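K.L.:
Just so you know, the sequences run in chain order U and L.
Here numbering that gives the first Met the number 0 is used: the first residue of the first sequence is 0, the next is one more, and so on.
Here numbering that gives the first Met the number 0 is used: the first residue of the second sequence is 0, the next is one more, and so on.
The hints are simulated quantities; they were obtained by calculation from the structure and are not laboratory data.
These numbers were taken from a predicted model, which means no experiment stands behind them.
Hints should not be assumed to be uniformly reliable.
As the list claims (entries may be wrong) - Here are the simulated SDA-like cross-link-like pairs (lysine to any residue), alpha carbons at most 25 Å apart as the crow flies:
{"hint": "1", "chain 1": "L", "residue 1": "47", "chain 2": "U", "residue 2": "218"}
{"hint": "2", "chain 1": "L", "residue 1": "219", "chain 2": "U", "residue 2": "218"}
{"hint": "3", "chain 1": "L", "residue 1": "93", "chain 2": "L", "residue 2": "197"}
{"hint": "4", "chain 1": "L", "residue 1": "243", "chain 2": "U", "residue 2": "233"}
{"hint": "5", "chain 1": "U", "residue 1": "59", "chain 2": "L", "residue 2": "150"}
{"hint": "6", "chain 1": "U", "residue 1": "299", "chain 2": "L", "residue 2": "159"}
{"hint": "7", "chain 1": "L", "residue 1": "200", "chain 2": "L", "residue 2": "46"}
{"hint": "8", "chain 1": "U", "residue 1": "270", "chain 2": "U", "residue 2": "156"}
{"hint": "9", "chain 1": "U", "residue 1": "59", "chain 2": "L", "residue 2": "154"}
{"hint": "10", "chain 1": "L", "residue 1": "219", "chain 2": "U", "residue 2": "59"}
{"hint": "11", "chain 1": "L", "residue 1": "219", "chain 2": "U", "residue 2": "217"}
{"hint": "12", "chain 1": "L", "residue 1": "219", "chain 2": "U", "residue 2": "200"}
{"hint": "13", "chain 1": "L", "residue 1": "127", "chain 2": "U", "residue 2": "217"}
{"hint": "14", "chain 1": "L", "residue 1": "107", "chain 2": "U", "residue 2": "66"}
{"hint": "15", "chain 1": "L", "residue 1": "107", "chain 2": "U", "residue 2": "37"}
{"hint": "16", "chain 1": "L", "residue 1": "47", "chain 2": "U", "residue 2": "191"}
{"hint": "17", "chain 1": "L", "residue 1": "65", "chain 2": "U", "residue 2": "228"}
{"hint": "18", "chain 1": "L", "residue 1": "88", "chain 2": "U", "residue 2": "220"}
{"hint": "19", "chain 1": "L", "residue 1": "219", "chain 2": "U", "residue 2": "195"}
{"hint": "20", "chain 1": "L", "residue 1": "107", "chain 2": "U", "residue 2": "62"}
{"hint": "21", "chain 1": "U", "residue 1": "59", "chain 2": "L", "residue 2": "127"}
{"hint": "22", "chain 1": "L", "residue 1": "47", "chain 2": "L", "residue 2": "108"}
{"hint": "23", "chain 1": "U", "residue 1": "59", "chain 2": "L", "residue 2": "51"}
{"hint": "24", "chain 1": "L", "residue 1": "243", "chain 2": "U", "residue 2": "214"}
{"hint": "25", "chain 1": "U", "residue 1": "59", "chain 2": "L", "residue 2": "54"}
{"hint": "26", "chain 1": "U", "residue 1": "59", "chain 2": "L", "residue 2": "159"}
{"hint": "27", "chain 1": "L", "residue 1": "200", "chain 2": "L", "residue 2": "100"}
{"hint": "28", "chain 1": "L", "residue 1": "197", "chain 2": "L", "residue 2": "234"}
{"hint": "29", "chain 1": "L", "residue 1": "47", "chain 2": "U", "residue 2": "156"}
{"hint": "30", "chain 1": "L", "residue 1": "127", "chain 2": "U", "residue 2": "156"}
{"hint": "31", "chain 1": "L", "residue 1": "47", "chain 2": "L", "residue 2": "59"}
To be verified - Pairwise CB distance ranges (calculated):
{"hint": "32", "chain 1": "U", "residue 1": "237", "chain 2": "L", "residue 2": "242", "range": "24 to 30 Å"}
{"hint": "33", "chain 1": "L", "residue 1": "242", "chain 2": "U", "residue 2": "202", "range": "21 to 27 Å"}
{"hint": "34", "chain 1": "U", "residue 1": "94", "chain 2": "L", "residue 2": "153", "range": "50 to 56 Å"}
{"hint": "35", "chain 1": "U", "residue 1": "275", "chain 2": "L", "residue 2": "112", "range": "55 to 61 Å"}
{"hint": "36", "chain 1": "L", "residue 1": "160", "chain 2": "U", "residue 2": "91", "range": "52 to 58 Å"}
What the hints assert, rightly or not - To give an idea of the interface, some chain U residues facing chain L are shown, with a C-beta separation under 10 Å as derived from the structure:
{"hint": "37", "residue": "36"}
{"hint": "38", "residue": "44"}
{"hint": "39", "residue": "60"}
{"hint": "40", "residue": "62"}
We put the CB at the ideal spot given by N, CA and C, even for glycine.
Residues per chain are reported as follows:
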Amino acid sequence: MIAKAQIKNDSWLHRFAVLTAVVTFFLLGVGGLVTSNEAGMSVPDWPTSYGYNMFALPIKFWHGGAFFEHTHRLLASCAGFLTTILAVWLWLKDSRKWIKWLGVTAFLLVVAQGVLGGLRVTMHMDSLGIFHGVLAQFFFFLTCTIALFTSRFWIEWSGGEKVSFVTHGLWALVLATTILIFTQLILGATMRHQHAGLAIHDFPLAYGKIWPDTSAEAVTRYNADRVEVIAVNPITAFQIELQMVHRIVALAIFILVAVAAWLSWKRLGGKNPLARLAAFWLALIVSQIALGAWTIWSNKAADVATLHVLVGALSLVTGALWCIIAFGRREGAANIAPAKTISGAFGVSPAMVVNK
Amino acid sequence: MFYSTTDWVVKKRALSILAIGMFTAWQASSAADIIGAITLQGTPPAEKEITPLMDNPDCAAMYNGKAPTTHFYVVGPNGEFADVVVSLKGVTGKSTGASAPPATLNQKGCLYSPQILAVQTGQNIIVKNSDTCVHNVHCTPAVAGNAEHNDVQMAGGPDLTYTFPQPEMFLRFKCDVHPWMFAWVSVFDSPYFSVSDKDGKFVIKNVPPGKYTIEADHRKLGAQTQDVEVADKDVTVNFTFAVK
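All chains, please: the whole structure from these sequences, using the hints.
P.N.:
Right, here's the structure in full:
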């Protein structure tokens, strides 16, 4: 059991970890704005900016796409700096060996992410942009886990009396849904990095149908009808199908999260942190679907599309944190002997007590 | 009379050049122009105002509060259809390359002018920045062998020059600082191409006699082809595009 005094001493470390996660969240947002505004290549050189030291670029150049791209670079440098400090702090002050290495992993990831972003610019590789976007989501998740593991909540939760109340079924449901959300984020990143604008301009129908015509003739007609204000690529049948898959997966995620939230709330009660987290998760998913629709209705307005990216990131992290928090509360977890089990496919066991 | 080896080589070269010149002159004299007009039937989608341009003070200053519009369908009152690229299909290896006069793309008022351009493989494309703000010139070819470039061009900075060795239709030039700025350059491996003007007219000059397939290509409406035979007189070929 960890002493209260030690928890107090570590509270600044936790605050710093939260700060790193918050800055990473904003960094995700600015990165989203870069892609939403088609500004990723507006500063052709890296690590310099227009030949200047990145930190000394005159303000007169901060306009248009360069404003988003350069701000993204500066904020990324800030996030990298914070992550470095966090890793060193964890290494020096935290007694848990595994969290020291988690800090090191975060440091290596942020360096890799910075280099990836730079190479995406200098090598003109859109495919690297997809990887850069997905890795950003994973890095945000990592900073959130560090914030969780350094929190008083986690130390008390993991060190206190362990009452097991989550069935394997429910835990597996949330894990599978989280993985599906991650897959959905990869789909979304792939769509965004096609640089083709909206592949389907209407919702809930698609070109006026439940499933759109993707024949070559139809796609030619769609492109002829499009009047794009910004320089986007012509759409293809693949991109239309990709958006349809994105819609279907969104529906599947909504159903799965609704089931998980309902089961958590019903079995754990409204005061249980896991039930509340699941309810928050459902609220996020509903918001995310609304934002997805708004993205289409607004003809992919940059700010709306970026909000869609951010809520997607929060949805991923919420599901992942739920799995982590519930991991030690699963039926049959180490050192736990069930006193009474009420289990169903996705049910929970309210009275499983730790053997101490 | 004896000639030295050097004299003989010089005379041989002079004769060769004379022969090539005479052949070219003969070919030009027997060549003809393909002329024609492009017409659009139907009502195209309405062009949109480029409103993001007006959010940028550097760019908006040139438009007196009235945003310019997109120019995908440049159509005259009687359907005269501009910006259609017309070329002889399958004619390769005839490019005059860097010896052709350079083509120019100008960035003015935070727009590319012209928006549709055609050049030969190896021909120089000069990109100017006539604006008071920085642009990045980003060309994004899709054909292997044509390299992607992304260069910053300061206000009043020197011109940038690009060439592309491979034929490619509608190779995009764009500015990512101002993402509404784009132009499309078609690259041909011969000098036999033209872009229809505001009256819908085009001329492909000095086409050697022979049978050809002529292609008219609009970036939005796709391509049409016709067979044409060129002898020693000008030939007229017209195309009609339709908006469905």
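K.L.:
For each hint, tell me whether it holds in the structure or not.
P.N.:
Structure-based check of each hint:
no., hint, in the structure
1, 47/L - 218/U, "21 Å, holds"
2, 219/L - 218/U, "11 Å, holds"
3, 93/L - 197/L, "28 Å, violated"
4, 243/L - 233/U, "18 Å, holds"
5, 59/U - 150/L, "18 Å, holds"
6, 299/U - 159/L, "33 Å, violated"
7, 200/L - 46/L, "22 Å, holds"
8, 270/U - 156/U, "15 Å, holds"
9, 59/U - 154/L, "12 Å, holds"
10, 219/L - 59/U, "37 Å, violated"
11, 219/L - 217/U, "13 Å, holds"
12, 219/L - 200/U, "17 Å, holds"
13, 127/L - 217/U, "38 Å, violated"
14, 107/L - 66/U, "21 Å, holds"
15, 107/L - 37/U, "20 Å, holds"
16, 47/L - 191/U, "23 Å, holds"
17, 65/L - 228/U, "16 Å, holds"
18, 88/L - 220/U, "24 Å, holds"
19, 219/L - 195/U, "14 Å, holds"
20, 107/L - 62/U, "17 Å, holds"
21, 59/U - 127/L, "20 Å, holds"
22, 47/L - 108/L, "17 Å, holds"
23, 59/U - 51/L, "19 Å, holds"
24, 243/L - 214/U, "16 Å, holds"
25, 59/U - 54/L, "16 Å, holds"
26, 59/U - 159/L, "22 Å, holds"
27, 200/L - 100/L, "22 Å, holds"
28, 197/L - 234/L, "21 Å, holds"
29, 47/L - 156/U, "57 Å, violated"
30, 127/L - 156/U, "65 Å, violated"
31, 47/L - 59/L, "16 Å, holds"
32, 237/U - 242/L: 24 to 30 Å, "25 Å, holds"
33, 242/L - 202/U: 21 to 27 Å, "25 Å, holds"
34, 94/U - 153/L: 50 to 56 Å, "55 Å, holds"
35, 275/U - 112/L: 55 to 61 Å, "59 Å, holds"
36, 160/L - 91/U: 52 to 58 Å, "55 Å, holds"
37, 36, "7 Å, holds"
38, 44, "7 Å, holds"
39, 60, "6 Å, holds"
40, 62, "6 Å, holds"
Taken one by one, the earlier hints fail for this structure at numbers 3, 6, 10, 13, 29, 30, listed in ascending order.
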